[in-house]
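Colleague: Each chain, written out:
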Amino acid sequence: DAGVTQSPTHLIKTRGQQVTLRCSPISGHKSVSWYQQVLGQGPQFIFQYYEKEERGRGNFPDRFSARQFPNYSSELNVNALLLGDSALYLCASSLVDLATEAFFGQGTRLTVV
Amino acid sequence: AQKITQTQPGMFVQEKEAVTLDCTYDTSDQSYGLFWYKQPSSGEMIFLIYQGSYDEQNATEGRYSLNFQKARKSANLVISASQLGDSAMYFCAMSRPKFTGNQFYFGTGTSLTVIP
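These protein sequence lines are chains S and W, in that order. Under the working numbering, the first residue of the first sequence is numbered 19, with each subsequent residue one higher. Under the working numbering, the first residue of the second sequence is numbered 1424, with each subsequent residue one higher.
Please note: incorrect hints may appear among the correct ones.
Stated by the list, open to error - Taking lysine-lysine pairs in the DSBU-like style, the calculated list, with each CA pair at most 35 angstroms apart, reads:
| id | chain 1 | residue 1 | chain 2 | residue 2 |
| --- | --- | --- | --- | --- |
| 1 | S | Lys-70 | S | Lys-31 |
| 2 | S | Lys-48 | W | Lys-1439 |
| 3 | S | Lys-31 | W | Lys-1426 |
No lab work stands behind these hints: they were computed from the structure. Treat the numbers as computed from the prediction; the structure is a model and nothing was measured.
Chain W on its own, in the form it takes in the complex (with noise of 0.2 angstroms):
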């Protein structure tokens, strides 16, 4: 069975500082695509980064960075230069491209507070 596990329920950084999210994954698949959504409070799911598990380097979007180690099974999200607008929940979500399409497995998410 595929899981996600985000075992930091909150986490505090100040303002301008970088903070990982972490997220691990349990799957027997070769093929998968692993996924970073943030969720304000509004509820909209916003999606952040992308990694495929065949991708050698790690993803990068502008302040975001996925942390990806196959081996270990892992996916972190590192956000550099932290800005009050960061401050809402994270998932780790994965997809199963050659089984499930795009149908997400979700973590239970971090909540991320931004102190200025």
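Just chain S, with the same shape it has in the complex (with noise of 0.2 angstroms):
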């Protein structure tokens, strides 16, 4: 089975410019999240959308959305980037809200210049 899969892999944008990452979850997961990892510090919680709908989201501003599709596949945007939008942006999926094993995918690497 086909694990997260990420869109692209790797992005090169420039300030003010606006970006959307995509995200497929694991076959059957209904919950997806969504994590800023800036280089050296561990990931920083975004969003959580859980059957289309949002459970959660972190302190990032309003420049950060994002939403889930009927097939459970979920995309983040970002308008207005900035030069600390710079980071690896990681997609975990998981069967359930409340489930005690997440799958993340490989990440894409968005650099802003």
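Hints are included, so try docking the two chains, each in its own frame, into the full complex.
Modeller: Next comes the structure, spelled out in structure tokens:
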């Protein structure tokens, strides 16, 4: 079975631009979460979706938004990119909302120049 | 507030030896989950082991075991018989299932290097 897949794997954007990152969870998984990992730090929670509803939002500005589609895939959008948005963006999926394991994708490495 | 602390920025271990990676957490919740993930240089977070706060026995998964000391709020990862492929960053994480589902709070990580 395919694991969590994220696209694209690498991305370079200019300050002020907008970016959309995509995540396909493991088949059957209904919960998707997004994390930002800045170099040298642990991942920081951005959003969680379960059954297409937003279940939580981390301490990120409104420039960050996300959604989950009927097939449980998800998109993370970031508007008005700043240099500080440069990071590895990770998507995690789990079967249910209160899972005892969650599986991550390989991440999208975003560089803002 | 929830907090995960990993005090060892870097660790070295001889191949085939055991190593313990430290993790302490701070929460007032009674119900929580503790996770360990491995992150190789490729970036993907690989799930290693899970411990629920109500689990009385320490979790084990192959060469990985979690030394859970609830009163001390510690959840150390023990890797037995280290292999060269174990060289990576290791992150401890906590979830608050009753309040925030699968939202994880991560520590800053420990870089493990296995020496031949």
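Colleague: Hint by hint, note whether the structure agrees.
Modeller: Quick rundown of the hints versus the structure:
Note on Lys-70/S and Lys-31/S: the hinted pairing holds, with a Cα-Cα distance of about 28 angstroms set against a maximum of 35 angstroms. Simply put, Lys-48/S and Lys-1439/W have alpha-carbon atoms about 39 angstroms apart, too far for the 35 angstroms limit, and the pair is violated. Straight-line distance between C-alpha atoms of Lys-31/S and Lys-1426/W comes to about 33 angstroms, which keeps the hinted pair within the 35 angstroms bound.
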